[in-house]
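Trainee: Take the sequences, apply the hints, and build the full model.
Residue numbers for the sequence shown follow my numbering, so the first one is 161 and each next one is one higher.
There's no promise every hint is true.
[Said to hold, decoys possible] Cβ pair distances, simulated, as ranges:
id: 1; residue 1: Arg163; residue 2: Ala184; range: 32 to 40 Å
id: 2; residue 1: Arg164; residue 2: Glu187; range: 21 to 29 Å
id: 3; residue 1: Arg163; residue 2: Lys188; range: 32 to 40 Å
id: 4; residue 1: Gln175; residue 2: Glu210; range: 17 to 25 Å
id: 5; residue 1: Arg211; residue 2: Ser191; range: 29 to 37 Å
id: 6; residue 1: Glu210; residue 2: Ile178; range: 19 to 27 Å
id: 7; residue 1: Leu183; residue 2: Arg163; range: 28 to 36 Å
id: 8; residue 1: Ala209; residue 2: Gln175; range: 12 to 20 Å
id: 9; residue 1: Ala189; residue 2: Arg163; range: 13 to 21 Å
id: 10; residue 1: His190; residue 2: Arg164; range: 29 to 37 Å
id: 11; residue 1: Ala208; residue 2: Ser181; range: 27 to 35 Å
These aren't lab readings, by the way, just hints derived from the structure by calculation.
Note that CB positions come from ideal geometry on N, CA and C, so glycine has one too.
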Amino acid sequence: MARRLPDPNRYDAEQLPIARSILADPEKAHSSQVWWARLFITRYEAEAAERVGQPQFDADGLQG
Numbered sequence: 161m162a163r164r165l166p167d168p169n170r171y172d173a174e175q176l177p178i179a180r181s182i183l184a185d186p187e188k189a190h191s192s193q194v195w196w197a198r199l200f201i202t203r204y205e206a207e208a209a210e211r212v213g214q215p216q217f218d219a220d221g222l223q224g
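Mentor: Okay, here's the thing in structure tokens:
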């Protein structure tokens with residue numbers, strides 16, 4: 161049986177609030193958690209910036 165890869169958008173949606181809560185109060189988190197949160201937010205924002213201005217396509221491959 162084939163395995164499905166996890167949906168990266170779902171993963172980001174689940175992890176984003178966690179990263180934000182760590183950065184909201186970094187004194188309560190371990191230093192590795194703070195680094196992870198900073199890297200996660202940076203990657204998330206960079207990918208979002210790349211999507212801005214790019215055409216969006218629907219399921220048929222047509223620009224919508």
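Trainee: Now tell me if each hint is right for this structure.
Mentor: Hints versus structure:
Separated by about 35 Å at the C-beta atoms, Arg163 and Ala184 satisfy the suggested range of 32 to 40 Å. A beta carbon spacing of about 39 Å between Arg164 and Glu187 contradicts the range 21 to 29 Å that was offered as a hint. Evaluation of the 32 to 40 Å hint for Arg163 and Lys188 yields a pass: the beta carbon distance comes to about 36 Å. Checked against the given bound of 17 to 25 Å, the beta carbons of Gln175 and Glu210, roughly 19 Å apart, stay inside it.
The supplied range of 29 to 37 Å is met by Arg211 and Ser191, whose beta-carbon atoms lie about 31 Å from each other. Separated by about 23 Å at the C-beta atoms, Glu210 and Ile178 satisfy the suggested range of 19 to 27 Å. Checked against the hint of 28 to 36 Å, the pair Leu183 and Arg163 passes, with Cβ atoms roughly 33 Å apart. About 18 Å separates the C-beta atoms of Ala209 and Gln175, a value consistent with the hinted range of 12 to 20 Å.
Checked against the hint of 13 to 21 Å, the C-beta distance between Ala189 and Arg163 comes to roughly 32 Å, which is inconsistent with it. At roughly 32 Å, the beta carbons of His190 and Arg164 sit within the given window of 29 to 37 Å. Between Ala208 and Ser181 the Cβ separation comes to about 19 Å, which falls outside the hinted range of 27 to 35 Å.
Going through the hint list in order, the structure does not satisfy hints 2, 9 and 11.
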